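Listed in order, the protein sequences are those of chains A and B.
When the count follows the working numbering, it moves up by one through the first sequence with no breaks and lands on 87 for the last residue.
When the count follows the working numbering, it moves up by one through the second sequence with no breaks and lands on 380 for the last residue.
In case anyone wonders, no lab produced these hints; they're calculated from the structure.
Just so it is clear, the structure is predicted and the values come from calculations on it, not from any experiment.
Please note that the accuracy of each hint is not assured.
Under the rule of at most 35 Å between Cα atoms (straight-line distance), these lysine-lysine pairs were calculated in the DSBU-like manner [to be verified]:
1) A:Lys39 with B:Lys140
2) A:Lys50 with B:Lys71
3) A:Lys20 with B:Lys55
4) B:Lys330 with A:Lys68
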Amino acid sequence: MISFFESIAKDSGVEIEILKRGYQIYNFGGKSAYIANFKSIITFNDQCVKLKLSRGVVNVYGQNLFIKELNTNTIIVNGLIKNIEVE
Amino acid sequence: MNFLYWLMGSVTLDIHGMNLEKFLTSLAKNNISISNVLRLSHNHFYIKTNCFYYKKLLEQADKLCYTIDVKNITGIYAVYMFFKKRLALFITLVFGAVLTVSSCFFVWKIKINGNTTIEYYDISRVLKNNGVCVGRQLSKVDPDFVEQLLYKNFDQISLVSATVYGTSLIINIKEKLTVPEMQTEFKPLCATQDGVVESITLISGTLNCKVGDTVKKGDILVYPYTIDALGEQHPIIALADICAYVDVQGRVEYNENQIQYMRTGKKTVCRYYNLFGFEISLDNNINKYDNFETVVSQQYVASNNLLPLKIKTITYYQTTGKEVFVDFDKVKDKQMQLSKKLAYDNLPKGQKVLAEQTLITNNQNVYYIITYLKTLQYIS
Chain A
1 MISFFESIAK DSGVEIEILK RGYQIYNFGG KSAYIANFKS IITFNDQCVK
51 LKLSRGVVNV YGQNLFIKEL NTNTIIVNGL IKNIEVE
Chain B
1 MNFLYWLMGS VTLDIHGMNL EKFLTSLAKN NISISNVLRL SHNHFYIKTN
51 CFYYKKLLEQ ADKLCYTIDV KNITGIYAVY MFFKKRLALF ITLVFGAVLT
101 VSSCFFVWKI KINGNTTIEY YDISRVLKNN GVCVGRQLSK VDPDFVEQLL
151 YKNFDQISLV SATVYGTSLI INIKEKLTVP EMQTEFKPLC ATQDGVVESI
201 TLISGTLNCK VGDTVKKGDI LVYPYTIDAL GEQHPIIALA DICAYVDVQG
251 RVEYNENQIQ YMRTGKKTVC RYYNLFGFEI SLDNNINKYD NFETVVSQQY
301 VASNNLLPLK IKTITYYQTT GKEVFVDFDK VKDKQMQLSK KLAYDNLPKG
351 QKVLAEQTLI TNNQNVYYII TYLKTLQYIS
C-alpha cells in the first residue's frame with residue numbers, strides 16, 4: 001500500500017524526503033488550515049496569521065481566525081479562511 | 001492517548017501580556033502543546049492546555065512576565081486541585097471509603113428466627129464457642145457448619161437453615177413439636193367451691209362425681225388418667241367444665257346484751273412534731289386509761305408548706321362501759337338488710353342470683369342472720 005507522500009512523490013517527481021522535510025499546507029474547505037514544519041509565529045490576530053518558514057513566510061487571511069492547535073512544528077488555524085499565501 | 005489526555009483534564013488560562021507571538025513560538029519550541037488560542041486584544045488572550053503541560057507553561061509565562069489567571073479546569077485535574085486545598089476532607093473521604101468497604105467483609109449481625117423454647121443467648125453462646133460471632137470474617141463463616149453445629153447441640157431443633165445475607169447471618173429454626181401433656185405434671189381437677197353439681201362436660205381424664213353430688217371445696221372432680229381396655233392407667237391432663245349450684249352467704253351476728261361505752265369527761269392530750277414521718281413528742285403526756293376513745297388531728301406548722309412540719313394531736317377520752325339490753329326485734333330488719341348486703345358484696349361480678357333466702361337462728365341472746373344467694377357457677 002503506497003502512502004500519501006509516496007504517491008505524491010511519484011506523481012510530482014519530487015523526492016519524498018524533500019516532501020516530508022519541507023513546509024506543508026492543507027486547507028480544509030476554507031474552515032481549517034493545517035500548516036506543518038514552520039519555524040515561528042510572526043503575527044497572530046483574528047484576521048491574519050503569519051508564520052515564518054525555513055525559507056519564506058506563509059500568510060493566512062480570513063475572519064474570526066484562532067489557533068486551534070499548536071505543537072512543536074505544526075499549527076491548525078480555524079475560522080473563515082479566505083486566502084493562504086506563501087511569500 | 002487522546003482519551004487519556006481528556007480524562008486527565010485541561011486548564012483554560014486568561015493571560016495578559018505583550019508580544020503574544022513570541023510567547024506562542026517559545027511554547028511550540030519547548031514542546032508545550034496548546035489549543036483554542038483566542039486573542040481578545042493586543043495584550044489579552046485565552047489559552048487552553050493539558051494539565052501535563054500546565055506547569056511548563058507557567059514557567060514560560062513567568063520568564064516573559066505574563067500575568068496568568070486560571071479561568072477553568074476540567075477532568076481529574078480539577079478534582080486534584082479541589083482536594084489539594086482541602087486535604088483533611090480528602091483524607092476523611094478516603095478513610096471513610098476504606099472503612100465502609102472493609103466492613104462489608106465481616107459479620108455484623110446474627111439473626112435467629114423461629115426459636116420459642118430455645119433461648120437466643122444459648123444459641124449465640126454455642127456459635128461463639130465455635131468461632132461464629134459478630135466481627136468474624138464472612139469468608140470464614142460456613143452456613144453448613146453452622147447448621148450442623150446447631151443440630152448437634154440442641155435436641156429441640158427439628159429443622160435449621162443458615163444463610164449469609166449481606167453482612168448478616170440469618171438462622172431459621174423449626175423446633176420439634178411436643179404434646180402438651182408431656183410438658184406438665186398431671187394434677188387432678190379439684191372443686192374451687194362448695195356446691196351441688198348441676199352439669200358436667202368431660203374433656204379428658206376420669207370423672208369422680210356425677211350430677212346431683214354435693215361437693216366441697218378441694219374435692220377431686222376429675223382424675224388425671226384414663227384406663228384402657230386392659231385396665232392400665234395412662235396419664236393425661238384432667239380437663240372438664242363442671243357447673244354447680246353455689247350458695248353465696250352474708251352472715252351477721254347480733255348479741256342482745258351489749259356494752260355501750262360512754263365518755264367520762266376525762267381526757268389526755270399528746271402532741272408531736274411530725275417531719276417526714278419522724279415524730280418528736282412536745283409534751284410528756286402518757287395515756288393511762290384502760291378504756292378510751294382516740295381522736296387524731298394533724299395540721300401544718302407553716303402556711304406555705306415550705307417545710308413539711310406538722311403538729312399531730314392525739315386526744316384520749318376515757319370511756320366507761322355499761323351493759324345494755326337491746327331487743328333483737330327492734331333491730332331485726334336492719335340486721336337482715338345488713339346480712340343481705342354482705343351476701344351481695346360476696347357475690348362474684350356478673351353472677352345471676354337464682355334464689356334468695358334469709359335464715360335467723362339464735363343461741364340464748366345471740367342471733368345469727370344468714371342470707372343465702374343461690375347461683376350457678378363453674379367449679380372446675
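Here's how the hints hold up against the structure:
At most 35 Å may separate the alpha-carbon atoms for a hinted pair to count; Lys39 (chain A) and Lys140 (chain B) exceed this at roughly 69 Å. Between Lys50 (chain A) and Lys71 (chain B) the CA atoms are separated by roughly 28 Å; this keeps the pair inside 35 Å, and the hint holds. Restraint check for Lys20 (chain A) and Lys55 (chain B): satisfied, since their Cα atoms lie roughly 32 Å apart, inside the 35 Å limit. Taking the CA atoms of Lys330 (chain B) and Lys68 (chain A), the gap is near 131 Å; set against the 35 Å cutoff, the hint is violated.
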